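Take each chain as given, in its own frame, and dock them per the hints.
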Amino acid sequence: MLDVVNAGPESALIDLESVNRSFAKANGDELVVLEKVDLTIKSGEIVGLLGRSGSGKSTLLRIIAGLVKPSSGLAACRGKPIDGPPRGIAMVFQSFALFPWLTVLENVELGLDALGVAQAEQRKRALAAIDLIGLDGFESAYPKELSGGMRQRVGFARALVVHPDLLLMDEPFSALDVLTAETLRTDIIDLWVEGRLPMKSVLMVTHNIEEAVLMCDRILVFSSNPGRIASEIKVELPHPRNRLNPQFRALVDSIYARMTQRAEPRPSTVDGIPGTGVGMVLHPISTNVLAGLIEAVAAEPFYGRADLPVLADKLQMEADELFHIAEAIQLLRFGMLSEGDFLLSDAGRAFADLDTDERKKLFSQHLINYVPIISLIRRVLDERPSHSAPAARFRNELEDYMSEDYAEETLDTVVSWARYAELFAYDEMSEMFSLENPN
Amino acid sequence: MKNPAPPTGLGRALAPNLFDLAALSLVAGALVMIVHGASQTDVPLTLLDATPISLDPANLPEYALRTTLRMLAAMVASLVFTFIYATLAAKSRRAEIVLIPILDILQSVPILGFLTFTVIFFMNLFPGRVLGAELASVFAIFTSQAWNMTFSMYQSLRNVPKDLDEAAKSFHLSWWRRFWRLDVPFAMPGLVWNAMMSMSGGWFFVVASEAITVGDTTVTLPGVGAYVATAIKDQNLPAVGYAVLTMLAVIIIYDQLLFRPIVAWADKFRFEQTASAEAPSSWLLDLFRQTRFLRTFAGAVSDIVESTTRIRLPAPDLSKLKFQLNVPARLVDAIWITIIFGGALVIGWRVFAYVFATLNWSDVLTAFTDGFYTLIRVVVLIALASLIWVPIGVWIGLRPSIAEKVQPLAQFLAAFPANILFPAAVVLIIHFQLNPNIWLSPLMILGTQWYILFNVVAGASAFPGDLKEAAQSFHLTGWKWWRFVILPGVFPYYITGAITASGGSWNAAIVAEVASWGDQKLTAVGLGSYIANATEAGDFHRVVLGIVVMCIFVTLFNRLLWRPLYGFAESRLRLG
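Going down the list, the protein sequences come from chains A and B. Just so we're aligned, residue 8 is where the first sequence starts under our numbering, counting upward by one. Just so we're aligned, residue 528 is where the second sequence starts under our numbering, counting upward by one.
Keep in mind that the hints are not guaranteed to be accurate.
As the list claims (entries may be wrong) - Cut-off 16 angstroms, straight-line C-alpha distance, at most; resulting in silico cross-link-like pairs (EDC-like, lysine to aspartate or glutamate):
no.	chain 1	residue 1	chain 2	residue 2
1	A	Lys76	B	Glu693
2	B	Lys795	A	Glu113
3	B	Lys795	B	Asp813
4	A	Lys321	A	Asp348
5	A	Lys151	A	Glu113
6	B	Lys618	B	Asp692
7	B	Lys696	A	Asp90
8	A	Lys76	A	Glu42
9	A	Lys151	B	Asp794
10	A	Lys131	A	Asp143
11	A	Lys368	A	Glu429
12	B	Lys795	A	Glu152
13	A	Lys76	A	Asp22
14	B	Lys760	B	Asp583
15	B	Lys1007	B	Glu996
16	A	Lys49	A	Glu239
17	A	Lys241	A	Asp224
18	B	Lys696	A	Asp120
As the list claims (entries may be wrong) - Not the full set, but computed from the structure, chain A residues with beta-carbon under 8 angstroms of chain B:
no.	residue
19	Ala72
20	Leu74
21	Ala97
22	Phe106
Stated by the list, open to error - Which residues of chain B face chain A? A few of them, derived with a C-beta cut under 8 angstroms, are:
no.	residue
23	Asp690
24	Leu691
25	Glu693
26	Ala694
27	Lys696
28	Ser697
29	Phe698
30	His699
31	Leu700
32	Arg704
33	Arg708
34	Leu709
35	Pro712
36	Lys795
37	Phe796
Hints were generated in silico from the structure; no laboratory data involved. Note that the structure is predicted; figures quoted are calculated from it, not measured. Virtual Cβ for every residue (Gly too), placed ideally from N, Cα, C.
For reference, chain B alone in the conformation it holds in the complex (with noise of 0.2 angstroms):
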C-alpha cells in the first residue's frame, strides 16, 4: 500500500466532450425513470420494522453483523458488476463508446441523492417486506463502490500486455478459462486497491443508508447506523459514543480478517518479473497456510474454484456471428453513435420535460447558486486540510519509524464512517450558538480529510533518498527546499490524495449541510441541503434537478481542475 494506484479514470483525456453530455443524459434520464416507475405505484408504504431500534448496547454486535453483511453483499454485487460491465467496454469497441462516458458520470452522481429514487424503487419492488429496503440499502453501497473498481479492471483489460495475450491465444485458451488465467489475475493487483477504497467509502454509505426518510416514509434496517440516528433523535449522547466504538472494531476486525488477507494473497498477481523487496504480509494467510488443516481445506476450496475455471463453456464464436453484409465498418459506427446520440437527445429532452413539469427557471437558478455555495465550501475546505495535511505528511513522511505507525491510522480514519461524529458536531454548534452556514461546512472534510494526509505520507516516504542527499548537500534548506524538491516530489500523491478527498466531500454535502439533533435541525445553504431537504418533503422533481446539477459541478471540477492537475503531475513530476 506504498504506492496508491493513481485515481481511475483520470489518465485519460482532458477536454469535455460530447460524449460526456451524452452519458450525463442517459444516467439522468434512468433516474427519472426510477423515479417514475416509483411514484405511480401508489402503495402506501407501511413501517417495515416490527421491533424499534433498541439503543441498548447489548444489541450492538448484532447491529454491527448486519451492517457489515450489508457491505459484503454490496461487494460482491459489486465485483460481479465490475467483471461483466468492465470487461464488455474493454471487449468491444462500440460498446466501449457507450459504457466508459456512463461510468465516468455514474462516479460523479451524488450517490446520496441518489438513494432517494433507489429506497422506493426496492421497496415496491418487494411491497411490505424488509427485502426491498435491505436491497436499497445494498444498492446504495454498491453504487459508492463499484464505479472505481470497474474503471481499474477496465484499463487493466486495456492493458494485457501483448505477449500474454498472444500466448493465450495461441495456447487455444477458451475465453472463460483466459477470463481467469489472464484477465483477472492480471487485474487484481489494481482490483483490490480500488475495492479497499470503495470499503473504506462505503462504510459511511452503509450508515447513511441504514436510516433514511422520504417524503412520510421511513426505513429503519437494524444496524449501526439506525443505531446512530435514533440515538440523535433521542438525543443520548453515550449511545453516539457506543456506535463509534462499536465501528472502530469492526472495522479493524474487517481490516485483520479479510482485506489484509486479500492484499497479502493478491501480491502474487503483481505484475512485475522481478521479487520485491518488502511484500505485504498478513497473519491469518500465514495461519491459513501454514496449518495443515486450514491449508488442506483452502486447498479443496481452491480446487474447486480452480475446475470451475475449466469448464469448458460453449466458446461463443463471435466472428461466426458477425453479419456478413458488406457494410463499411465506418458507416456501421455512424450509425451506432446517431443511435446514441439520439438517444441521449430524447431522454435529455424527457428529463428536462420532467423536472420543468413542476419546476420553472428560477427553481433552476436556486439549485446553481446553492452548487456555487457549496463549491466554494469544498475549494476552501480542500485547501485547508492541504495546508494542515502537507507539511504534517512530509514531515511523518521522511521519518519511516513514524509513517509506519500513522499510515495504518490514517488509513483506518479515512475508512471509519465520519457521519457517526456529526451529532458531536452538532452539539457543539447548538451549544456555543454558532453560525452553521461556517461550522458545519467542516463535517463534509472529516472524513475526507485522511486521504490527502495518507497519500502524502506514501509519497514523501518514497522520496528518492539520493534526491534528498542531492538537497542536503546543495544547502537546499527553508522554502528553496519545498518549492524545487519535497512538493514536486509528493506532488502526484497529494492530487491523487485531493481528488478523492475532494469527490468524497461532495458526497458528503448532502449529509452535512443538514444536520439535527433532537427536534432540532440546523441548515447550512448550499446543493447538499437543497438536496436533502428536497428528499425529506419527496419533492422528487427538485432532488432530480439537485442531482443533475451537482453532476455538472462534479464533472466540471474534474475536468477543468483535476484532470490537467493530474496531467501535469503524471507527465512532468512523476519519479522513475
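Next up, chain A with everything else stripped away, as it sits in the complex (with noise of 0.2 angstroms):
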C-alpha cells in the first residue's frame, strides 16, 4: 500500500472526449448540462472540479461513476468505455449515503460485497479501512449515533475497502460544520502524502474555492450553463499547505476573480438560452437576505465595495452562497460583481439607507424594470379584467426556458419577491395570481 502514489507509468486512468450531456426540458427541448468536456485523471494526483452548484460538475461526476450515460462523446475508464459503474471505482457521497440499519462494519462490508472476496478476508481488509480511518472503537456503532464527521469517516472506509483505483468525492465536506470539515480534510491529506491510502487518484468535487486550493494538485474551474471546463490551474505548494500562506491567498484570490470574470452586464445571449428575458433563471434568496448583504457592504469596513474573500470570511459564508445572493443583487441592479470584488450601484447604497416602506417601493421599481417574468405576470393581472390569473400559465412559459425543477424554482422565487414588493398576491391553495393586494 506504500508505493501506490506515483506508482506505474503515466498512463490515462480516466478519459473524456467531448462529453456532452443535455436532459429533456418539459417542452421536448434539450437542457444542455455539459458541454464539450475533456478530461483527463492520471495516476497519482487529486484533481478538483471547482465550479457553483448546478455547473454540472456532479453529473460530471456521476458520469465518470458510471451512473449517468453521456449523451454524446466518449467516456473511458483504462481504455474501456463507460457503461455501468466500472470496477475500481469508489465514490464518498455528500450526504455520505450511508445505511441507516446497518452497523458501521457493516456498512464498510457492503463495499467488499459484490467483489467476491471471502468472508475472512472481508472482515480484515474492512477493519483494516476502519482502523486508518480513525474509526477504531466504532465498529459496532449504527451511524445514527454517530456524529456527522464520524458518518463521513465510514462512507471514506467504505470506499477506501475496495482499494479503489480511483477515489470519486462529491463534495465530501460540504455536508459538515467548518470545524469538523477542517479535521478531515487535513487528516485525507495527511495519509495521501504519506502514502497510506490505497487509491492511485483522486476526482473531487467541490464549491469551495479554498478547500480546492488547500487539497488538489490541479484545479479545473467550471462555468456554468452549459457546465464547460473554463481554465485549468496548477496546484504546486507543497503539503501541508498553510491557508495564511501568501502564495495561498493570492491563488485563491485569482481564482475569485477567475470566477467572477463575466461581470455585469450580463452579455445579452440568443433567445432560448437561460439567463435572459422571461427565460431568467431566478434562485430563491430570501429579500431579508438581499437587504442583509447590500447592508454588510454599504456599512463599514467596505463601504459599498468589498473584496469577495474578505466578505465571505466576516459573512461566514462559503464562497458558492455569497456567488447566489450578489448574482440576485447584481440582477437587480443595486450591485455588481467584478474582479473579486462586490461593489454597490446608487440604487444598492440608497437602498441601504430608506425605511421599509420606501425599500420596498425601491425594490418594486427594479423588479418591474430588470425582471421581465415580473413585469409580465403584472402587466397580464393589468390588463384581465379579473386581475387575476392562474401560475400554470406562467409556469408553462417559463418550462419553453428551462427544466421543470427550475421553472418551479423561479416561480418560487416570484412569488416571494413579489410579496415583499407587494407587487401582486399568491394563492397557494387554488395556484392564482392577484391583484387582491391589500395595498
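Pasting the structure below:
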C-alpha cells in the first residue's frame, strides 16, 4: 500500500473526450448541462472540479462513476468505455449515503460485498480500513449514533476498503461544520501524502475555493450554463499547505477573480438560452438576505465595495452562497460583481439608507424594470378584467426555457419577491396570481 | 406508534380516471372467472367436518390456535405477495400502469362478498378435503391484509433515497442483495405498521370466514369464528362470552409475542440519521438480546437468513433482454395502453353479460338503492362516532399520563373482532323489539370507531407544546380554541382514522346488516344485506352485481370525499 502514489507509468485512468450531457425539458427541447468536456485523470494526482452549484460538475462525476450516461462523446475508464459503474472506482457522497440499518462494520463490508472476497478476508480488510480512517472502537455503532464527521469517515472507509484506482468525492465536506470539515480534510491529506491511502488518484467535486486550493494538485474551474471547463489551474504548493501563506492567498484571490470574470451587464445571449428575458432562472433567495448583504456591504469597513474572500470570511459564508446572493443583487441592479470584488450601485447604496416602506417601493420598481417575468405577470394582471391569472400559464412559459425544477424554483422566487414588493398576491391553494394585495 | 402512517395510496392523484375504470373491469372480470369456474365444476360439496364444533370451553384453546395459525399463514402469503407485486410495480413503469389502479380497486372490494367465490373455488381445487376450505379462509384473510401492505412497500420503493440507490449501484450490489440490503430495510417501518393495521382488521375476517354458508354448501372450520357461529345457532350466550374472553387472550398474546418484538426490532430501520427520543421496547426482544442461549440461537438464525441474501443469483440483466428494435418508447407505450384498455373493455363486457344473463336494469337499480341506504348508514355513523370520539380523544391526548394507558386499549379494541359481539346486540334488539333498520346499523362501526379514537389521541399527544402555550397566553378558549387551535392540529390524524373506519364499515355491512340468533333473523335494508342474502341463496349473479356496486360506491366515496380532505390536511394542516 505504501508505494501506490506515483506508481506505474503516467497512464490515463479516466479519459473523457468532448462529453455532452443534456436533459429533456418539459416542452421536449434539450437542456444542455455539460458541453464538450475533455478530461484526463492520471495516476497519482488529486484533481478538483470547482464550480458553482448547478454547473454540471456533479453530473460529470456521475458520468465517470457510471451512474449517468453521456448524451454524446466518449467516456473511458482504463481505455474501456464506461457502461455502468466501472470496477476500481469508489465514491464518497455528500450526504454520506450510509445504510442506517447497518452498523459501521457492515456498512464498510458492503463495499466489498460484490467483489467476491471471502468473508474472513472481508472482515480483515474492513477492520484495516476502519482503523486507517480513525474509526477504531465504533465498529458496532449504527450511523445514527455518530456525529456528521464520524459518519463521513465511514463513507471514506467504505470507499477505501475496495482499494479503488480512483476515488470520487462529491462535495464530501460540505455537509459538515467548519471545524469537523477541516479536521477530516487534513486527516485525508496527511494519509495521502504519507502514501497510506490505497487509491491511485482522487477526483473531487467542490464549490469551496479554499478547499480546492488546500487539497488538489490540479483544479478545473467549471463555468455554468452550459457546464464546461473554463480553465485549469495547477497547484504546486507543497503539502501541508498553509491557508495564511501569501502564495495560497494569491491563488485563492485569483480564482475568485476568475469566477466573477463575467461581470455585469451579462452578455445578452440568443433567445432560448437560460439567463435572459423571461427565461431568466431565479434562485430563491429571501429578500431579508438580499437586504442583509446590501447593508453589510454599505456599512464599514466596506463602504460600498468589498473584496469577496474578505466578505465571505466576515459573513462566515461559502463562496458559492455568496455568489448566488451577489448575483441576485446584480440582477436587480443594486450592485455588481467584478474582478473578485462586489460593489453597490447608487440604487443599492440608496436602498441601504431607506426605511421599510420606501425600500419596498424601490424594490418593486427594480423588479418591474429588470425582471422580465415579473413585469409580464404584472402586465397580464393589470390587463385582465378579473385581475387574476393562473400560475400554470406562467409556469408553462418558463418551461419553454428551462427544466421543470428550475421553472418551479423561479416561480417560487417570483412569488416571494413580489409579495415583499407588494406587487401582486398569490394564493397557494388555487395557484392563482391576483392584484388583491391589501394595498 | 405515536405517529400513524398515512393511509396508503391516498397521497396520489385525486380525480378518478380511466385507469380506475379499467382496473375495476379487470378485477370484476377475475371474480366472474372464479365464479364461472366454480359453478361449472358440478361436484356435490360434502360436509367437510366429521367432528362438529363443540361448545365446550375446553376446546377453545385448540380453536384459538387454529384461528391464529390461519392468521399467520395469511400474513406470510401477504408478505410474499407484497414483495413480488410491489417490486414489479415500482421497477417497471409499464407494469405500474396496470398494477397500481388494480390495487386501488382491490382495496375497496368488499372482502366478505369475495368469500362466496373463494370458498367454492378453493374447495373445488381440493374436493372433499379440509385443505380447500382452509385455503379459502386463509385467502379471505389475505385479501384483507395484503393490499395496504403492498401499497406501503410500493411507495417506499419509489422513494428510496437517491444517494443510497447510487451507493448500491456504485458498489455493484446484485439485485437480490440490493433487495434485502436496501429495498426491504427501507420499506420496513411502513411495512410493519401496515402489517399491524392489517392484523387488526384480519381478526374480523378470520372470524367471519370460518363459518360460511354459500347456497347449500356450509363450511365450518374448527376455530373461534365457527365456535361463535355454533353458539349463535344454539342460542348459547355464555359460549359467546367464552369466545370473547378467548379472543381477548389471543390478541394480547399475539401482540406481546409477535408484534411488539417486531416493532421494537424494526425501529432500527427507521430512516433518520439522528437518534430518536424514545424507542419502542419489547420485553421479549430484550429477553432474546440479553439471554446468552437465546442470543446465540437468534444469531444463528439471522446468520442463515443473512447468508441467503448473499446467494449470487444469476442477475437477470434486463438491459440485454431489451428488444433492440428502434421503436420509440412512446409507440410501445401506446400499444401497451391500447392492449390494457382493449382487454378491460372485453372483460368489462363479459362481466356485464354475466350479470345480465339473469338480471335486468331493475335489479341494478335495486342494488344502487340499497347501496344508497348503506351509504347513509356509513355517513351518519362516521359523523356520530366523530362527534363522540374527537372531543374524548383530544381530552385524552392532551393528558399524557392518561393517553399512555388509553392508547394501547384503543388499539386493542380496534383489533378485536367486533362480530363476536354481534349476538349480544341481536339479543337486545329482539328482546326490545327494536327496528333492525336503525339498530343493526351501529354494529357496522362497533369495531372500526376505535381507529378514530386512537388516531385523534395520537394527534393530540403530538400537538406541539409551544402552540398550546401560545393559545393559552393569547387567551384562546372555548369554541375559538377548538376551531383555530386543536381541531386543525388533529385534523390530519383524524382523517387517517376516519378513512380506516369508513372502509371497515363498508365491509362490516355485509355481516352487520343481516344478523341472526338461533332461528330468528334480522335484516336491515342495504347493500350489505343484499350481498349477504344473495350469498346465502347461492345467487352468484346478484353477488357479482352487489360487489361491483359496492366497489363503485367505496371508490367514489374515497375519491370524492376522503382524498380531497386528505390532500387538504397534508398540504395545509400538517405540522412540522
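Against chain A, with CB atoms and a cut of 8 angstroms, does the hint on Phe698 of chain B hold up?
Hint holds; Phe698 of chain B Cβ to chain A Cβ min 5 angstroms, cut 8 angstroms.
*Can Phe796 of chain B be said to touch chain A, with a Cβ gap under 8 angstroms?*
holds, 5 angstroms
| Under the criterion of a CB-CB separation shorter than 8 angstroms, is Lys696 of chain B in contact with chain A as hinted? | holds, 6 angstroms
**Asked** Holds or violated: Lys151 of chain A with Glu113 of chain A, Cα cutoff 16 angstroms?
**Response** OK: Lys151 of chain A and Glu113 of chain A at ~14 angstroms, within 16 angstroms.
Notebook entry, point to check: Taking 8 angstroms as the limit, does the beta-carbon of Phe106 of chain A come near enough to a beta-carbon in chain B?
Noted result: holds, 7 angstroms
Query raised in the report: Holds or violated: are the alpha carbons of Lys760 of chain B and Asp583 of chain B at most 16 angstroms from each other?
Result: holds, 15 angstroms
Using 8 angstroms as the Cβ threshold, decide whether Ser697 of chain B counts as touching chain A. Nearest chain A Cβ about 5 angstroms off; hint holds.
**Study point:** Hint check, Leu74 of chain A versus chain B [nearest Cβ-Cβ separation less than 8 angstroms]
**Key:** Cβ of Leu74 of chain A sits 5 angstroms from chain B, so the hint holds.
inquiry  = Check whether the Cα positions of Lys131 of chain A and Asp143 of chain A lie no farther apart than 16 angstroms.
reply    = With a Cα-Cα distance of about 13 angstroms, the restraint between Lys131 of chain A and Asp143 of chain A holds, given a limit of 16 angstroms.
query: If you draw a straight line from the CA of Lys321 of chain A to the CA of Asp348 of chain A, is it 16 angstroms or shorter?
result: holds, 14 angstroms
Closest C-beta approach of Leu700 of chain B to chain A relative to 8 angstroms, hint status | Constraint on Leu700 of chain B satisfied, holds at 6 angstroms.
Item to check | 16 angstroms Cα cutoff - pair Lys368 of chain A, Glu429 of chain A | outcome: holds, 9 angstroms
In this structure, none of the earlier numbered hints is contradicted; all agree with it.
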